[in-house]
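Participant: If you read the sequences in order, they're chains Y and B. Under the numbering used here, the first residue of the first sequence carries the number 1, and numbering increases by one thereafter. Under the numbering used here, the first residue of the second sequence carries the number 1, and numbering increases by one thereafter.
Treat the hints loosely; a few may be bogus.
As the list claims (entries may be wrong) - With a straight-line cut-off of 25 Å between C-alpha atoms, the simulated DSS-like cross-links for lysine-lysine are:
1. Y/254 with Y/266
2. B/4 with Y/266
3. B/4 with Y/177
In short, the hints are calculated from the structure, not lab data.
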Amino acid sequence: MKTVDYYEVMGVAEDASADDIKKAYRRLARKYHPDVSSAPGAEEKFKALGEAYEVLKDPDKRDEYDTLRKYGAFAGEQFSPPPDWQSRAEFSEGGYTEVDPRQFSEFFEAMYGRRGGVGTQAGGPRSRGFAFRGEDVNARISIGLAEAYSGTTRTFSLQINRLDDNGIPTPELITLKATIPAGVINGQKIRLRGQGQAGIGGGENGDLFLEVALVHDPRFSVDGRDVTLVLPISPWEAILGATLDVPTLGGRVKLTIPAAANAGQKLRLKGKGLPGKPAGDQYVVLRIVVPQAHSEEDRELVRKMQEQMSFDPRAEMEISG
Amino acid sequence: MNDKSVEIELADDSTPYEMRELCEMCAVRAELVVEMVEAGILEPSGSAPAGWRFGVRSIIRLRKAQRLRRDLDINLSGIALALDLLDDLDQMRERAQALERQLQQLTDEA
Numbered sequence: 001m002k003t004v005d006y007y008e009v010m011g012v013a014e015d016a017s018a019d020d021i022k023k024a025y026r027r028l029a030r031k032y033h034p035d036v037s038s039a040p041g042a043e044e045k046f047k048a049l050g051e052a053y054e055v056l057k058d059p060d061k062r063d064e065y066d067t068l069r070k071y072g073a074f075a076g077e078q079f080s081p082p083p084d085w086q087s088r089a090e091f092s093e094g095g096y097t098e099v100d101p102r103q104f105s106e107f108f109e110a111m112y113g114r115r116g117g118v119g120t121q122a123g124g125p126r127s128r129g130f131a132f133r134g135e136d137v138n139a140r141i142s143i144g145l146a147e148a149y150s151g152t153t154r155t156f157s158l159q160i161n162r163l164d165d166n167g168i169p170t171p172e173l174i175t176l177k178a179t180i181p182a183g184v185i186n187g188q189k190i191r192l193r194g195q196g197q198a199g200i201g202g203g204e205n206g207d208l209f210l211e212v213a214l215v216h217d218p219r220f221s222v223d224g225r226d227v228t229l230v231l232p233i234s235p236w237e238a239i240l241g242a243t244l245d246v247p248t249l250g251g252r253v254k255l256t257i258p259a260a261a262n263a264g265q266k267l268r269l270k271g272k273g274l275p276g277k278p279a280g281d282q283y284v285v286l287r288i289v290v291p292q293a294h295s296e297e298d299r300e301l302v303r304k305m306q307e308q309m310s311f312d313p314r315a316e317m318e319i320s321g
Numbered sequence: 001m002n003d004k005s006v007e008i009e010l011a012d013d014s015t016p017y018e019m020r021e022l023c024e025m026c027a028v029r030a031e032l033v034v035e036m037v038e039a040g041i042l043e044p045s046g047s048a049p050a051g052w053r054f055g056v057r058s059i060i061r062l063r064k065a066q067r068l069r070r071d072l073d074i075n076l077s078g079i080a081l082a083l084d085l086l087d088d089l090d091q092m093r094e095r096a097q098a099l100e101r102q103l104q105q106l107t108d109e110a
């Protein structure tokens with residue numbers, strides 16, 4: 001079993017005061033709280049932090065931890081407690097800790113024991129006698145833009161605790177099929193009631209929450225229900241105006257480019273974004289693509305344009321010439 | 001066959017749940033829900049606690065609020081502020097990402 005250096009986890013010195021430890025905990029908890037941080041690995045760091053704080057904030061546990069350190073039980077990175085080691089921590093009585101000790105490391109367990117496999121859960125404790133509501137499970141589900149537009153049916157598998165024949169929560173691979181309606185957006189939360197971890201002692205199951213992650217589409221960028229398409233046009237289409245076929249999520253539509261259109265100009269196709277109440281819009285941003293002159297005739301033509309059309313794109317900068 | 005079709009609920013603007021159901025699902029007392037509504041953490045439809053209706057969004061925010069309160073020791077108005085700022089941050093991130101991609105498409109070699 002690997003040892004855990006709680007002082008290192010909390011970034012405090014071995015002689016840190018209780019106040020320093022509390023401050024360090026608060027600072028790191030704000031930084032790595034899974035509900036606040038989007039940094040990768042935040043959840044693991046937060047759990048490790050909770051475990052470290054559980055030990056270091058409690059004078060008795062900290063004293064025991066320090067004693068074991070001095071005793072040399074941590075030599076060689078491997079932890080082996082003294083043969084007659086008995087922690088004063090009483091987990092079986094409950095109410096000893098507010099955090100969920102099921103999340104703690106083997107190392108913690110070897111030192112302080114375990115609280116009967118039953119703890120308070122993330123959504124707040126729920127107790128009817130010895131019944132506990134199961135934990136919620138959070139997962140992400142990747143959905144393509146076309147699927148988000150028209151809806152889809154997805155089958156997915158998750159490892160979730162279910163009660164076995166003896167009523168013991170046991171990990172099981174569960175396959176679920178869910179119909180995702182048209183018009184889900186990126187970050188959309190979906191609740192599957194009762195599909196989380198099994199409750200204990202007759203407690204309700206937790207819920208499964210899915211978060212939609214829209215897969216990048218090569219053509220459309222997405223912001224909420226609005227989508228944006230960058231549309232390449234030629235200089236003459238920009239100058240003269242044109243009616244063009246443009247792709248939308250629902251198929252091709254005609255779009256009229258006004259005469260004297262400019263690069264970066266934004267046109268709106270109302271209601272052509274992701275469906276909803278109200279539906280989003282599609283924006284079309286114009287990109288003028290400049291053609292290559294492939295022959296001397298081409299170049300001659302452009303020179304003629306240059307002579308005939310008095311045009312100075314830098315007129316407003318007063319640096320022309 | 002293990003394939004099980006399950007009902008889903010979207011976190012949208014619909015508000016199907018009464019106070020009693022919300023309290024049961026989140027294992028909280030009604031008094032706390034009232035305080036959370038007053039702090040602006042939860043925004044039910046309807047008026048007066050008896051007429052309030054909550055949606056999946058409320059369930060998610062309430063559970064988040066419970067975790068933040070327990071883990072970070074923030075009071076209810078602080079939690080309301082944090083949740084609102086986190087929502088704003090998500091929106092900003094998505095907007096920034098969309099604009100970055102558009103800029104890339106505008107400047108890329110065709």
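Participant: Which numbered hints does this structure break?
Facilitator: Of the numbered hints given earlier, the structure breaks just one, which is hint 2.
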